[in-house]
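Please dock the two separately framed chains into a single complex, following the hints provided.
Take a look at the letters that make up each chain.
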Amino acid sequence: MTRLSRRGFASLAVSLMAAPLLISCASETVEETRIVSLGGDLTEIVYALGHIDDVVARDSTSLYPASVQDLPDVGYVRSLGAEPVLSMAPSLIIASSEAGPPEVIDQVQSSGVPIVQPPEGYSQEILEQRIQVIGDALGEAEQAQALIEDIRSKMARVATVVSEQPEKPKVLFLLQARDGSPMAAGTDTAANAMIELAGGENIFSTHSGYKPFSLEVLAEAKPDALMLMDHSLTAMGGKEALKNHPAIGLTPAAQNGKVIAADGLFLLGFGPRLPEAVAYVAEELHGDLGLDLASG
Amino acid sequence: MVDLARSISVADLASQADQSRRLTLGLLSIFAGLAVIGSLIIGPANVGLIDVWNGILRTFGLRSGPVSGAEAIATSIRIPRTFLGLFCGMALGISGAALQGLFRNPLVDPQLIGVSSGGAFGAAFWIVFGSSLTFIPLALSGFMTALFAFAGALTAMTLVYQLGSRRGHVSVATMLLAGIAMNALAAAGLGLMLFLGDDAQMRAINFWTLGSLGTAGWAKIWSALLIMGAGSAWLLRDMRALNLLAVGEAEAKHLGCDTRALKRRLVVLPALVTAAAVSVTGIIGFIGLVAPHLVRLMAGSDHRIVMPGAALLGAGLLLVSDIVARTITAPAELPIGIVTSLIGAPFFIWLLSRYRGISL
Chain D
2 MTRLSRRGFA
12 SLAVSLMAAP
22 LLISCASETV
32 EETRIVSLGG
42 DLTEIVYALG
52 HIDDVVARDS
62 TSLYPASVQD
72 LPDVGYVRSL
82 GAEPVLSMAP
92 SLIIASSEAG
102 PPEVIDQVQS
112 SGVPIVQPPE
122 GYSQEILEQR
132 IQVIGDALGE
142 AEQAQALIED
152 IRSKMARVAT
162 VVSEQPEKPK
172 VLFLLQARDG
182 SPMAAGTDTA
192 ANAMIELAGG
202 ENIFSTHSGY
212 KPFSLEVLAE
222 AKPDALMLMD
232 HSLTAMGGKE
242 ALKNHPAIGL
252 TPAAQNGKVI
262 AADGLFLLGF
272 GPRLPEAVAY
282 VAEELHGDLG
292 LDLASG
Chain X
2 MVDLARSISV
12 ADLASQADQS
22 RRLTLGLLSI
32 FAGLAVIGSL
42 IIGPANVGLI
52 DVWNGILRTF
62 GLRSGPVSGA
72 EAIATSIRIP
82 RTFLGLFCGM
92 ALGISGAALQ
102 GLFRNPLVDP
112 QLIGVSSGGA
122 FGAAFWIVFG
132 SSLTFIPLAL
142 SGFMTALFAF
152 AGALTAMTLV
162 YQLGSRRGHV
172 SVATMLLAGI
182 AMNALAAAGL
192 GLMLFLGDDA
202 QMRAINFWTL
212 GSLGTAGWAK
222 IWSALLIMGA
232 GSAWLLRDMR
242 ALNLLAVGEA
252 EAKHLGCDTR
262 ALKRRLVVLP
272 ALVTAAAVSV
282 TGIIGFIGLV
292 APHLVRLMAG
302 SDHRIVMPGA
312 ALLGAGLLLV
322 SDIVARTITA
332 PAELPIGIVT
342 SLIGAPFFIW
352 LLSRYRGISL
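Residue numbers (the working numbering), protein chains in the order written: chain D, 2 to 297; chain X, 2 to 361.
Looking at chain X on its own, in the form it has when it is part of the complex (with noise of 0.2 Å):
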């Protein structure tokens, strides 16, 4: 009798949660597709909405002639620069959540392990000694600077990851205090690179510390939005092995887990989709540290929640401070990073103070 009480009640349990896991995911969803067709109609230039809709069109190939004006500008600037926003936010934001449940540490963000200012840097190097190298062929040099940046990105990663693991054991301390390292040395890198750099190269190398979503035209970006794609659908995969590794990695590894494949994943996914994310659109601060934290607060710590969330979350946020980034000071752009943090930032201490008792 007991027993059979006591089923039906978390039978019931399971279903609530259920609903509210839908009903979070299915708000998150409407915002972002609100975002994202936000994006496609409000920009500086008089883009209508039978130019956006030609555009994706177009975009798909499903029309074809002479393109001019309004709908030229949908196709090769609007309709590209929202997809790479909100595969970028997508990235960021499953990153953040990912790393935060790998190291069980809420402060955690892509940022910290040194993977973005490695990017940073990596672009910084290439802006001021590439542009002496003559045998760079023409073709290539548009795209030199996204390589450097995602060379860099990685090598700051490999070096983490070596740093912090032991025969493929992850230390997750020591990898946060490699990190932190590797933070500090990038930084001495990008201050030397300003230090050598004349004015123009300055300024080129501001684009890379405080983000941009401009990066405009698909040649620049398919493979940064394929590497996006991929690496945040395979770390979508491991939500429910995330929930196992919350509970304590001894107690996830007796429960089938093999948790040191998940942790080195859980590393190498979200390093590799930011490096893709940096090497298009420079560094973008707090999606990934906000977007997770958001959904937690929304709907608790379930990961299967957590990473679709903190993905359609981010995707939601950069897109709309770019919209912002890009209309408030028309014609000229705001670097996207100072909007993020501008609005992150204090909303995020609103939050901390208004749930100080929740524990993340």
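Bound-form chain D, shown alone (with noise of 0.2 Å):
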């Protein structure tokens, strides 16, 4: 009850708070696209579609094309607040279904400002599902499909040559391995997902999620590969870090300097450069296999 009249209260307060926003941004132009856009991945389907310039704010994940980073950023994708969001005026807000806290967004709903929230997941196939929300929402539909098509064509060409490997190669991907013991992804991540498509195995099955991974089991376990976001290398101190770490050191990824490193959105993010993402990972793993769509 408390907490019903509470939230009754937060939405009251917003909308009160927004409807001169509403009331101006009518008045302006009717027509007008004013997209908040809150999920890196997300707006990396915007642009695909050829909308990037009816955005008009972000989030702090959303950072290709590099030219939205001159927008205005509202915040961490899971941290919102309902304020700086609506004093965007949006017309639309497409929103990951990770934004949060789920209050704001119930408060941003209750604004009347439309909201979409595509389904989120890591597989070509809920990419699919995004870009046709998203396409639907922005009145794009046949930009949409071509786009979904181009998507198929190129994932089934890489999932072609990669099942024709003999080589399943031993991947682990480390979030960060700086103090303690580093940070792996097991089940239920883009980067094992990403691992998957690519056609290499995770040695770190047994546990869902990002949890801390055993150095002794990383050294016995003899990982081919490391894969990571360039950031967290660089936060490491580099390939040759890696290779001097007293446990990772010990592995024949990092002896051989097989470290996959790349732009964490590009890597982790399944937006529209998904088969790009795939193919270099591949063909990192496998060597060349002369794909020919990488583009780090």
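Because the hints were derived from the structure by calculation, they are not lab data. This structure is a prediction, so every number in the text was calculated from the model and none was measured. There's no promise every hint is true.
[Unchecked claim] Derived Cβ-Cβ restraints for the label pairs, each shown as a range:
id : chain 1 : residue 1 : chain 2 : residue 2 : range
1  : D       : Glu121    : X       : Ala189    : 30 to 40 Å
2  : X       : Leu197    : D       : Gly239    : 50 to 60 Å
3  : D       : Gly239    : X       : Ser69     : 20 to 30 Å
4  : X       : Val173    : D       : Pro120    : 54 to 64 Å
5  : D       : Arg79     : X       : Thr175    : 12 to 22 Å
6  : D       : Pro102    : X       : Ser69     : 47 to 57 Å
7  : X       : Asp199    : D       : Glu126    : 23 to 33 Å
8  : D       : Ser61     : X       : Thr159    : 29 to 39 Å
From the three backbone atoms N, C-alpha and C, an ideal C-beta is built for every residue, glycine too.
Rendered as structure tokens:
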């Protein structure tokens, strides 16, 4: 009861705050599309559908294309505030399902601004659904279909080549390995999905999510390749530091310099650049496959 | 006649106390020794006794040549980790004993004077803001978090010490309150860093608040081991003076003890060794609180037993907790702070309810 009434009060307060904004927005131009895009992968889809110029604000994970970095940043996607988002006078909000906290999303919703939350997940199917949903919201269903077809054909090509590889190299994705036990990706993560798509085998398949991984087991499992986001690699001190690390240095991956590092959004975003990302990782793992899509 | 009888009984008592002291310390040494052996041979990777033995020889330079497989795991992961656990446990235990003796308050531990949370804040600050600084040479960047943790812990200690002392005169009550304020401040700072950080940074900060002995390799830990070893040894020299202090500050002064210098040492040294521990393992709770208590319950409150006993017991408890932390969810690792608190807190509650009548 108290919770309900509190939420009711909050949404009333928000709508009162937002009302003048909405009115002023409506009085300017009715047709102008003002998109607030909350989620790096979603912003990429908006870009791929040719509507990046309609985006007026973004969250801090929206970093691609580089031009969106000049737009106002309303905060981190999981800890948003209703007021910063609504102050951008959006006519459409595209938000990741991870956007939150949920109370804030409720408040934004009750302000009456249309909000689209495409499904979240780490697969080609989910990516296609997301493109579809955003395409419909932007009135670009045809464009979306064309993009989906393009991704489908590229992914099929990559999948065929990957399935022909005789070996399944052992891979470990490290979120960070500076202090204490390294944080590695288990199942149900974007990194795990990427390793599997690229024809590798994740050596941390007993646990889900990101967990501290035993250094002893890391050394014993002898991964053929390590995968990281490039800023984590820099924070650790680069490939050379991996080679000198007392445990990671014992692995064939570090000794042979097989360290796959790329921009986090490109590597794990599961956005429209997914075929390129899979091709990039696959060629790093298996050698040149002649895929000719990779653009890291 | 009467005097003679009394002196005999006092001598008897003294030798009895001596015996029980030796017995207690002997038992605790055996426990710590078993914990060290356990920590060397138990783990998720398949490392045999012979690999550990060869690894030990290699560590002390008695074996050379190419190293691979299980022996390499023993040499570069398990042996340094065991040393780290041994020294951290010792340092935390002895710091707890010294601070409880100084404050004459059984609730005090190194965390209470704000050193640990200051260290965690320092580390978190670097994790969130440091990675954007590009002028740090790559070779140094791996050590920066530990350096910031150490700096944060020392800053917290300096502030608390300044607040709690007037012209070198330590006021125990003010210092406790200053410690509580410092903890609140560091907690707010940590919260702010968690708010500002992204997912990966939050997970990295997690390590500092829950602790782990997973910081492998001598390169990262030797300086901390040195500080913890030297600081703990120095603290042991004060165990007799702590007994005098237990009688009362004025009495201790009359008996020829320089209480000003003593009190200064008893704040600075525990803070220093705790800062060193936090800078490589993050915050590990409960060892500093529980170890001295258990020793007092076993053998009374003579600091000549409590100080070395707490060091041995702290080391044993920490090593056993680490064995649990690294095996129970293998190949994933549980943060060790969860284990120490999960085992330590209920055990402590049980002890309190059982020995409620005994004054500490």
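So, going through the hints one by one against the coordinates:
1. Glu121/D <-> Ala189/X: 30 to 40 Å: 32 Å, holds
2. Leu197/X <-> Gly239/D: 50 to 60 Å: 25 Å, violated
3. Gly239/D <-> Ser69/X: 20 to 30 Å: 25 Å, holds
4. Val173/X <-> Pro120/D: 54 to 64 Å: Because 60 Å falls inside the window, the suggested range holds.
5. Arg79/D <-> Thr175/X: 12 to 22 Å: Between Arg79/D and Thr175/X, where Cβ atoms are some 41 Å apart, the hint is violated.
6. Pro102/D <-> Ser69/X: 47 to 57 Å: 50 Å, holds
7. Asp199/X <-> Glu126/D: 23 to 33 Å: 27 Å, holds
8. Ser61/D <-> Thr159/X: 29 to 39 Å: This hint holds: roughly 35 Å between Cβ atoms.
The structure does not agree with the numbered hints 2 and 5 stated previously, though it agrees with the rest.
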